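Student: Chains as they are written, first to last, in numbering that gives the first Met the number 0: chain A, 0 to 176; chain B, 0 to 424.
Because the hints were derived from the structure by calculation, they are not lab data. Only a predicted model underlies this, so the values are computations on that prediction, with no experimental measurement involved. Just to be clear, a hint being listed does not mean it is correct.
Said to hold, decoys possible - Pair ranges (Cβ atoms, derived):
(1) A:A60 <-> B:S138: 28 to 38 Å
(2) A:A27 <-> B:T264: 30 to 40 Å
(3) A:N170 <-> B:Y275: 48 to 58 Å
(4) A:F117 <-> B:A417: 47 to 57 Å
Cβ coordinates follow ideal geometry from the N, Cα and C atoms, glycine included.
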Amino acid sequence: MPAQPYGLIATFDSAAAIYHAAEQVRDAGYRRWDCITPCPVHGLDGAMGVKRSLVPRISLAGGITGFCTGMSLIYWTGAINYKLTVGGKPLFSPMFAFPISYELTILFTAFATIGGMFLLNNLPMHHHPVLKYDHIARGLDDQFFVVIETADPKFDSKLTRDLLEQAGGKNIAELET
Amino acid sequence: MSATAATLSAPAVAVSSSASTANKALAVGVAGLVVTALGLFVSGAQPVALSYLVGLSFWTAIAIGMLMLVMIHHIVDASWSVVIRRQFEHGLAAFGWLFVLFLPLLVSVWVKPGLVWPWMDLANVVHGTVTYRDDILLSKKSAVLNREVFTVATLGFFAVWVWLSARLRRASFTQDTDGAAGWTGMNRRTSAFGIPLGALSLTFAAIFWMKSLEPHWFSTMYGVWFFSNCIRAGLAFGVFIMVWLTARGDYRGVLNKNHWHCIGTLGHAFVIFWAYVTFSQYFLIWNANIPEETFWYNLREITHAGTPSQWKWVGMLILFGHFFVPFLYLLSFRLKSTASGLLPISVWIVGIILVDLCYNILPVLKDSHGDPLPFISINLVWVAASVVGVGGVCVWAYLRSLATSGAKLIPIRDPRIAESLTYHE
């Protein structure tokens, strides 16, 4: 028995066509699918039913970690590990710990944002099944594609193909894994 | 464009109701000013005059914020804010009236020097030791800190603001009728020299009107601190106006989520900017620990007996209320991208800006020990009356401009209006 294909790919000729096709695929309840477009299509994320990214939450966690790291670093070095009174100031004050804390807040937020983006996008990814598709280069030029994965719980080789056809997709083909 | 013009020729009804609302605002304003004036007989001249200075600088900050936002809009050739800019331009109509309302304080400078700004009366005693006449620190600054320079400078500030506002308004309003793109170019040139002029004038206004209340004290951050409050106040009033005009129906269909998100994001950025500036001012003074600077904060934290004063808690309120609360609130995408999310935090920010101005101005009122009079006192009544009084006049000026300037509700022939109406991220 041949291996399960990666999914079905359908070709569309215009941004409007893929926009409406995306709405139909979204309304059919698919979860694991994607659109490949040569240019940004405004509103496509809404038509696909994409929710807001989780990256901001990860950024916030990074920021809080950075702030606490800065405060505890200054507290531990100044008030515990190497007590030294400078300029009559207390051994610890949030005042002088603040510049370090907010710089670490920014640094850790940046790390968490980049890291979270990589994580959620499964990056780095050196190969993707759609790259095997013969006409995929047209997706960088003038054609639009919808790809529905076989891993989607709603995937059914006939019904999914019918849906893509009904949505106006052309040249519907299976993608190898 | 044609669809745009069709939807926007409607609010003729709204215009006449603006005019009657304007008269109500003026009545409220006059009532506030009358109550403030009555305060002279209750609390005496000095507390009322300083409370009035709080009210005046509060509304001047809002107008300056709008002026700077309009000029920043032009200089960066922004598109999203075209539909919002027109309301700021109406707000700029307040500058002339703010000048009129400032006149009593300018008169006091010559009739009763030292009433508001203590150093103007050289017989006043500073820090309970010497008079300003014998004070070496003041005499070194007297080339700037004297009544002549103060008066000319204040006239100059208002001249700059009124003139810039008139230029920006005329170009923008005229474009509604002739549609010439050249007016946009003219406003860009006005902004190119207007931004430095505005920055200098608002900095020196903050120095003369507020910082010089304690003439020994100095802080290079002071003008920037005032600027950040101006922008935050201007943005908050932008939110109020947008919410009001949307609720009344004028702006129905004009604003989308992305416009709100932009206002919210800009507001968030200026929360951080304000915190950065204000923290830097405190931190550098705390760190250097030089008596000529620290006394300003000591006055606002401890009494002569070394116990914490009310102003310490006002300072804490500003620290948390002016930074942490709006900062954390505006982190949320949902809250900063909707009118219902932005309205409450804008009300809060405007309230805290008023407290911040009180914190900077009112402690100049001192008791016999040299301690500032407490924050919670009858003076808050005069502050409130002044804010309502000056505010009523400013709101009236805005509404009158909205109703009678002949300008369209939004700049329908601005080259970027279509981009602004369909703005998306």
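Student: Hint by hint, note whether the structure agrees.
Tutor: Status of the hints after comparison with the structure:
Taking 28 to 38 Å as the suggested C-beta distance range, the pair A60 (chain A) and S138 (chain B) does not conform, at roughly 57 Å. One distance hint, 30 to 40 Å for the beta-carbon pair A27 (chain A) and T264 (chain B), holds here, with the actual separation near 35 Å. At about 56 Å, the CB distance of N170 (chain A) to Y275 (chain B) agrees with the hint of 48 to 58 Å. Range check, F117 (chain A) to A417 (chain B): about 38 Å between beta-carbon atoms, so the 47 to 57 Å window is missed.
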